[in-house]
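Here the sequence shown is numbered in numbering that gives the first Met the number 0, starting from 0 and rising by one per residue.
Derived from the structure by calculation, the hints contain no laboratory data. Please note that a few of the clues may not be correct.
[What the hints assert, rightly or not] In silico lysine-lysine, DSS-like type, Cα no more than 27 Å apart, as pairs:
1) 3 x 110
2) 1 x 77
3) 110 x 148
[Stated by the list, open to error] Pairwise CB distance ranges (calculated):
4) 53 x 94: 17 to 27 Å
5) 115 x 1: 23 to 33 Å
6) 36 x 147: 32 to 42 Å
7) 110 x 90: 39 to 49 Å
8) 12 x 135: 17 to 27 Å
9) 1 x 129: 15 to 25 Å
10) 11 x 111: 11 to 21 Å
11) 147 x 11: 11 to 21 Å
12) 102 x 71: 30 to 40 Å
13) 53 x 90: 34 to 44 Å
14) 18 x 116: 21 to 31 Å
These figures come from a predicted structure and were not determined experimentally. Quick reminder that beta carbons are idealized off the backbone N, C-alpha and C, glycines included.
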Amino acid sequence: MKEKIKIKTLSNENFEDIINIQKNDGFKHIYYLNENRLSELIKRGEVFYGIYSDSSLVGFTSIDIEIRAKLHFLSIDKKYQGKGYATLLMKKIIEELKLRDIKQLFFYVEKNSPHEAFLKTQGFSKVGFYVNRFGDGWDADIYELKIEK
Numbered sequence: 000m001k002e003k004i005k006i007k008t009l010s011n012e013n014f015e016d017i018i019n020i021q022k023n024d025g026f027k028h029i030y031y032l033n034e035n036r037l038s039e040l041i042k043r044g045e046v047f048y049g050i051y052s053d054s055s056l057v058g059f060t061s062i063d064i065e066i067r068a069k070l071h072f073l074s075i076d077k078k079y080q081g082k083g084y085a086t087l088l089m090k091k092i093i094e095e096l097k098l099r100d101i102k103q104l105f106f107y108v109e110k111n112s113p114h115e116a117f118l119k120t121q122g123f124s125k126v127g128f129y130v131n132r133f134g135d136g137w138d139a140d141i142y143e144l145k146i147e148k
């Protein structure tokens, strides 16, 4: 039987699942999400999208949209990585940004992160760096995706 894949907007009802996905994505994060941080992000307008395989949440992403957009999180449960889920989430985000006439999407990524290779496959280009972006000694590379209609 073929799995059913669905992408939905997430809310505070999904906080526990979001936290568990990030803990189980196999990456070392500078900080881990908690319910208070998720509440703050949603209150200020950040939008979280989850990708489901059958009825199980297997990954999520979030975007902070202003004049331009910033990809804030991208996390897929380790068991589901390499199967196209992150690519489907990226397509969803790009669709949403096109509807809002947003022309750029940025993502700050820890230097030497495995995410960098994925971003390049999605059409992102490295456009700069940010010293101490994630704390003392935790620099970031800045990636940009130009969005065309």
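Exercise. Which earlier hints turn out false for this structure, listed by number in ascending order?
Worked result: Violated: hints 1, 3, 7, 8, 9, 10, 11, 12 and 13.
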